[in-house]
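**Q** Here the protein sequences line up with chains A, B and C, keeping their order.
Heads up: the first sequence at position 103 corresponds to 103 in this note's numbering, and the numbers run straight through without jumps.
Heads up: the second sequence at position 338 corresponds to 338 in this note's numbering, and the numbers run straight through without jumps.
Heads up: the third sequence at position 39 corresponds to 39 in this note's numbering, and the numbers run straight through without jumps.
One thing to keep in mind: the hints can contain errors.
[What the hints assert, rightly or not] Subject to a maximum C-alpha distance of 25 Å in a straight line, what follows is the list of computed DMTMM-like cross-link-like pairs (lysine to aspartate or glutamate): (1) B:K209 - A:D55; (2) B:K330 - B:D278; (3) B:K150 - A:D88; (4) B:K216 - A:D13; (5) C:K112 - C:E153; (6) C:K70 - C:E157; (7) C:K138 - C:E157; (8) C:K133 - C:D114; (9) A:K11 - B:D278; (10) A:K53 - B:E218; (11) C:K5 - B:D342; (12) C:K5 - B:E218; (13) C:K138 - C:E51; (14) C:K139 - A:D13; (15) B:K150 - A:D55; (16) B:K106 - B:E5; (17) A:K11 - A:E33; (18) C:K152 - C:E28; (19) C:K5 - B:E233; (20) C:K5 - B:E5; (21) C:K70 - C:D114; (22) A:K54 - B:E218; (23) B:K93 - B:E5; (24) A:K52 - B:D278; (25) B:K330 - C:D128; (26) A:K53 - A:D23; (27) C:K112 - C:D141; (28) B:K80 - A:D23.
Hints are computed from structural coordinates only; laboratory data are not their basis.
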Amino acid sequence: MRITQHPILGKRDKQQYVKIICDGQPIEAIAGEPIAAALMAAGKTIFRYTRKKKDPRGVFCAIGQCTECMMTVDGIPNVRTCITPVQDGMNVQTQHGLGQVKANP
Amino acid sequence: MNHVELAIIGAGPAGLSAAIEAASVGVQTIVFDENQQAGGQLFKQIHKFFGSRAHQAGARGIDIGKNLLGQVAASGAEIKLDTVVWGIFEGNKVGVVTNGRNVICKADRILLATGASENVLAFPGWTLPGVMGAGAIQTMVNVHRVLPGKRVLMIGSGNVGLIVSYQLLQAGAEVVALVEAMDRIGGYAVHASKIKRAGTPILIRHTIKEAVGNGKVEQATIVQLNDNGNVIEGTERTLDVDVICMACGLSPLAELAWLAGCRFTDVAPLGGLLPVHDDNMQTSLPGMYVAGDIAGIEEASTAIEEGRLAGIAIAESLGYLTTTDATVKKQAVNDRSEQLRDGPFGITRREAKETLIRRSLET
Amino acid sequence: MTLIKDGYFSQTELAQLPGMPSRERLHEGPCVVIECAQQIPCDPCEAACHEGAIEIGDSIINLPKLDPSKCGGCGLCIAACPGQCLFVVDMTYSDTEGTVQFPYEFLPYPQKGDTVHGLNRGGDIVCDAEVLKVLHPKKFDHTAVITVSVPKEYAMEVRTIKIKGNHHG
Chain A
1 MRITQHPILG KRDKQQYVKI ICDGQPIEAI AGEPIAAALM AAGKTIFRYT RKKKDPRGVF
61 CAIGQCTECM MTVDGIPNVR TCITPVQDGM NVQTQHGLGQ VKANP
Chain B
1 MNHVELAIIG AGPAGLSAAI EAASVGVQTI VFDENQQAGG QLFKQIHKFF GSRAHQAGAR
61 GIDIGKNLLG QVAASGAEIK LDTVVWGIFE GNKVGVVTNG RNVICKADRI LLATGASENV
121 LAFPGWTLPG VMGAGAIQTM VNVHRVLPGK RVLMIGSGNV GLIVSYQLLQ AGAEVVALVE
181 AMDRIGGYAV HASKIKRAGT PILIRHTIKE AVGNGKVEQA TIVQLNDNGN VIEGTERTLD
241 VDVICMACGL SPLAELAWLA GCRFTDVAPL GGLLPVHDDN MQTSLPGMYV AGDIAGIEEA
301 STAIEEGRLA GIAIAESLGY LTTTDATVKK QAVNDRSEQL RDGPFGITRR EAKETLIRRS
361 LET
Chain C
1 MTLIKDGYFS QTELAQLPGM PSRERLHEGP CVVIECAQQI PCDPCEAACH EGAIEIGDSI
61 INLPKLDPSK CGGCGLCIAA CPGQCLFVVD MTYSDTEGTV QFPYEFLPYP QKGDTVHGLN
121 RGGDIVCDAE VLKVLHPKKF DHTAVITVSV PKEYAMEVRT IKIKGNHHG
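Go ahead and model the full structure; you've got the sequences and the hints to work with.
**A** Below, the structure written as structure tokens:
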């Protein structure tokens, strides 16, 4: 959920929007924001599943330290979505285990 | 970038303040930070700070951050963002990855201002999406302006737990309860009073027992503790929440100091194991300094003063300040720090700092 | 002990604060009530008062001391306090009602004339309150200062409001 009005931060400056694809669904994102912020705003909670137990994981530290929010982005697995800015047309996928690296991504 | 006079690692309040003091008297200074934005955690602090006018009291953390960035720009120091320092080697060599390239930068002086990491509490269900660190909540809510959920359970009543609860209320969430295992509120009463009068229950001698949910947090069970800190069976209560926020304290982020071979000591009131430093903020290794949370968990205001102290001492050691000038400047900084490390909350930190400095003299 | 266990003052704790005006003083006209009880390093309230009614002294950890004879209840100190623990109470508003002026950092702001819930220090709804004034000039830096009227017996109880239908402050 986006915070549109805030008593201290005020209204947001006019934003530029881009579109990313998450698991096949288009999601509106604000240019420059991290992937995780766009996904969280869209209500996504599960970012990946662990390798052995297939446990769901989501954003935990939001500053690129804990690696809980890793996803496969444009074919590259293990991308820390909390510190990777969105780009128009980016393809983001919920990651299962360690992800797969394609031969020619 | 292969050689600099001063390499500062971390562009938070301590690192930036050191850069201002050093660069403004002529020290060639570069600040490395792995983040996309300088300022450390200051830009997440949207509340008004305490202190006196000399500490910019009454200004919000975000505005103090903007002010520091302006001063850095005027000082001539260079900030390199999106740049990871991955190692420190003999001869004050710093391993840096910037623009996807690995560079070894030799620095005459190194300041470690790497800050802190959050402590976590492990409980059944703690890996579920929706369980987040307080810093993550602040980042999402105050920087990216995204609310991770609507009903929050806060764990920890230190200033971070109290302030983040208030910030969640400001952003439109409900803090269903704040639990604290101790028998009293850990942070400042004024922060507690703000959330209390807005309707947030503060439950001392309570902790979380379990988080459950299908794929994400849906419920949390909290439980009362007795005076020995043990669970009182039968006091379990289940709350419908979608976010559980941990505010369980901070620990110095000191890996680089370990790598470099700094001597460490354990000072519990400052967050545990720390590199020892002298009254110039210099570690046991000549030419290597620390400032801010890596030198003991305190607040942004004290980190700013420590950074200034380190910057002045470094400029002096490099010959950019005379001993007389440096002494005057250091005294002013120390006076301001002393004001912050006073009163029932501050005095423990002041004594712990004195212990830390005393231990730096032991061999 | 209520303050550090529950997050709000007991009446006994309140009465001991050096920033508390006497009952008599409160019935003479508007006056600040300084609910600051811990020696934390902080002093903006002292400079915010142009009348010299608030004194911190040499050390910034001193509790603010009020000279009630100098306070005219202007409320300029309210938004200056980083701890949001200063309030202005006026027991002379009418025969039956007093006013409370308090800091407020939530949206939406109430409107003048609104009837809202009056909340005590513990967050309980204790009475209805009528909004008399909502101030948020630039120099308050996003801390609004709101004045409400409440039944006199609640003027020393009510410390914030809740807009009817909203889940918090």
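**Q** K330 of chain B and D278 of chain B were given as a pair; does the straight-line alpha-carbon distance stay at or below 25 Å?
**A** Since the Cα atoms of K330 of chain B and D278 of chain B sit roughly 13 Å apart, the hinted pair holds (cutoff 25 Å).
**Q** Next pair to validate is K112 of chain C with E153 of chain C; report whether the Cα-Cα distance is within 25 Å.
**A** 22 Å, holds
**Q** Is K54 of chain A within 25 Å of E218 of chain B, Cα to Cα?
**A** 19 Å, holds
**Q** For the pair supplied as a hint, K112 of chain C and D141 of chain C, is the alpha-carbon distance within the 25 Å limit?
**A** 20 Å, holds
**Q** So if I understand the rule, the pair passes when the alpha-carbon distance is 25 Å or less; does K5 of chain C with D342 of chain B pass?
**A** Distance of about 22 Å is within 25 Å: holds.
**Q** Just to be careful, I want the Cα atoms of K138 of chain C and E51 of chain C compared with a cutoff of 25 Å; is the pair within it?
**A** 22 Å, holds
**Q** Check whether the Cα positions of K52 of chain A and D278 of chain B lie no farther apart than 25 Å.
**A** 48 Å, violated
**Q** Run the distance test for K209 of chain B versus D55 of chain A: straight-line Cα separation, threshold 25 Å.
**A** Distance ~20 Å between K209 of chain B and D55 of chain A Cα, so the pair holds.
**Q** Within a Cα-Cα threshold of 25 Å, do K139 of chain C and D13 of chain A meet the stated pairing?
**A** 21 Å, holds
**Q** Hey, K330 of chain B versus D128 of chain C, does the alpha-carbon distance stay inside 25 Å?
**A** Violated, at roughly 55 Å.
**Q** Does the alpha-carbon distance linking K150 of chain B and D88 of chain A stay inside the 25 Å limit?
**A** Violated, at roughly 29 Å.
**Q** Is it true that the CA of K216 of chain B sits at most 25 Å from the CA of D13 of chain A?
**A** 32 Å, violated
Hints 3, 4, 7, 9, 12, 20, 21, 24, 25 and 28 from the list above are not met by this structure, while the remaining hints are.
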